[in-house]
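My request is simple: use the sequences and hints to build the entire structure.
Respectively, the protein sequence lines represent chains S and Y.
Numbered per my numbering, the first sequence spans residues 1 to 198.
Numbered per my numbering, the second sequence spans residues 1001 to 1343.
These are calculated hints, taken from the structure and not from any lab test.
Check before you lean on any hint, since a few could be wrong.
Examples of chain S residues lying across from chain Y (beta carbon under 10 Å, computed) [stated by the list, open to error]: (1) E104; (2) G127; (3) D156; (4) I158; (5) Q162; (6) H183; (7) S184.
Note that CB positions come from ideal geometry on N, CA and C, so glycine has one too.
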Amino acid sequence: MLLEGKNLTFAYDRKKGNILTNVSLRIDSREPAAIVGPSGFGKTTLCKILSGYLRPQAGEVLLDGKPLPKKGCCPVQMVWQNPERAVNPRLRMRATLADGQQIEDRIIRELGIEEDWMNRYPQELSGGELQRFCIARALGRDTKFLIADEISTMLDMITQSQIWNFLLKETKERGIGLIVISHSEALLSRVAGRRLTF
Amino acid sequence: MSCTNKRHILEIDELSVSFLQYENSRSSRQIELPVISKLSVSVHEGEIVAVVGSSGSGKSLLAHAILGMLPYNARTGGKIYFNGELLTPEKIREYRGGRIAFVPQSTTYLDPLMKVGEQVRGGRNSSGGKDSGRGGRPSGGRRNDPERRKKQRALFARYGLSEETDAKYPFECSGGMTRRVLLTSALMGNPELIIADEPTPGMDLALAKKSMEDFRAFADEGKGVLLITHDIELALEVADRIAVFYAGTTIEEAPVSDFASEQLLRHPYTRALWRAMPQNGFQPLPGTQPYVKDMPAGCPFGPRCENYSRECAGEIPMQRVGCGTVRCVKYHGEPLAVHEHHA
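This is the structure in structure tokens:
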């Protein structure tokens, strides 16, 4: 599958100028890609546009030549840097996970999510445990692309390698495209083949 | 003895922290939940010591315990020495914000009703916390002192905080800006020890490097830094020694040079941590840290350790092996002797 951004232009506040101007990119699901660049240059904004959270002021996002669907689960899913800010604090983890619709038990098991965590609230879990839920939630049946925006910066090395080894295997098996943002050169050389530099 | 005979700035000897909690929502019975047990760490003059551990392992509580900032339902045990002097609760109150500076983790530690420039200049109340004003605000004289104004401006400029930022309230600053404000406020005073709790997330790499250079320069003046972080890559870059924190205790303390290869490291967990780094194999160790409520007897790493044996379920003392220390029964080194030089 092919995810394309065509001439994307975006500004949060037009008076302060554009964050993105005429950005175009093509990402093939067979080759994990990394987006690199200094902070504040709009990496996360670009991801939000690619995954349908933001609409660009000009340009379009196409998945295999078609625009992203307006209803239902978005085939381009994003996992965020701070899992504690990506979940509803008033929902138990079981309900949070149900947001992802039809998450296979296999995924939950391979991510090391324990049954006991399901009945807890987000503030009762550590960052690494919470991030596992956020990843499982993004791996629903219809996911075609996964955008990982600094998903392991706040995790220790062991948790980071657990999560990434799982993600690499899972995306490869299911043919899911992977887009990675990270400042760690060592990590990128392990997970992404291609670099898109800002 | 140790591989350095430098003076200790901070020495923590078997610190334990536990919280009193109600057993459950229906019961009025309280139970004690141990979150830090028998933690030992020291910082010598001229040193940056990094305490590295995963999220949820109780790292921040260590900083709060040293500074006497734990909530009312916490109980502590063990001893903390600062410059060879036992830190009592009274002494902590006297030194913190002065001789001991703190860079907190959360960006909510700033006074939300005070402009950040003013806040950094004011620093600790010069009269020692007995200000008559609302909420112990620093006296205006200190805040408007031209010397302090100059220093604050220079520090802000160094961290790319413009003149406009001086007049901003904390809610108007971005996450990265707030971190920088917190850092400058620690450097404003003239501390001998800085305790920094995850000071860099939200900063970009260039800024993070700059702040680490400042810690380095600060330590090189014969002072000490205790850097609490989950980021072992950062720690390996700036620290002199690394204390590895697992399930509420330090399991190994090693000079950074020992992280050059797996064989130089001591504890099986540290070795697993080393192997999990992307540049060293990216091999995951299965499992997660045990919860305080279901902590195994003896070694907390026991259930995940491939060399687990029956003796691992017993009491495991911290021992000195080479230039580091380790808490593992497979080693037979010298016992730690903190008490000797404080006797």
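>> To test your reading of the hints: which numbers does this structure violate?
In response: Hint check: 1 fails alone, others pass.
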